[in-house]
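Starting from the given sequences, assemble the full structure and let the hints guide the process.
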Amino acid sequence: MINVNFDSAELRALIREEMRAALNDLDWQVRPLPPMLTRNELKQLLRIGNTKTSELLGREDFPVLREAGVLIPTHLFMRWVEDHTEWVEQNVKPFRSIG
Numbered sequence: 001m002i003n004v005n006f007d008s009a010e011l012r013a014l015i016r017e018e019m020r021a022a023l024n025d026l027d028w029q030v031r032p033l034p035p036m037l038t039r040n041e042l043k044q045l046l047r048i049g050n051t052k053t054s055e056l057l058g059r060e061d062f063p064v065l066r067e068a069g070v071l072i073p074t075h076l077f078m079r080w081v082e083d084h085t086e087w088v089e090q091n092v093k094p095f096r097s098i099g
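The UniProt record's numbering numbers the first residue of the sequence shown as 1 and each following residue consecutively.
Calculated directly from the structure, the hints in this document are not laboratory data.
It is possible that part of the hints are untrue.
[To be verified] With a Cα cut of at most 20 Å, we get these calculated EDC-like pairs of lysine to aspartate or glutamate: (1) 43 / 61; (2) 43 / 60; (3) 52 / 83.
[What the hints assert, rightly or not] Computed spacing ranges between beta-carbons, pair by pair: (4) 60 / 35: 19 to 25 Å; (5) 6 / 62: 46 to 52 Å; (6) 2 / 34: 46 to 52 Å; (7) 53 / 79: 14 to 20 Å; (8) 47 / 21: 23 to 29 Å; (9) 60 / 40: 20 to 26 Å; (10) 55 / 4: 48 to 54 Å; (11) 50 / 3: 53 to 59 Å; (12) 17 / 70: 27 to 33 Å.
Please read these numbers as outputs of a predicted model, since none were measured by experiment.
Just so it is clear, CB atoms sit at the ideal spot from N, CA and C, and this is done for glycine as well.
Right, here's the structure in full:
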């Protein structure tokens, strides 16, 4: 049987070190999104091409502001994604509190 003991400071330092290493391995940087997304920002965010972007922007239920070019309100886009993400609702069990 293996018994490992850490005090809270050591455990926090270990977790912090591993989190930094994991974040450094990512090929993208986390940055806040602007209030309005452009067509290109939407493409980059979703990692999709021109055809799929055009399909999304052409949907009646997709939040797009055309009065100022093609702009997508970020908060409405996030709500749209949540409303249209069926797989998560069907396949992920709710999180339980541990403790």
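- [ ] Would you list, in rising numerical order, the hints stated earlier that this structure does not obey?
- [x] 12
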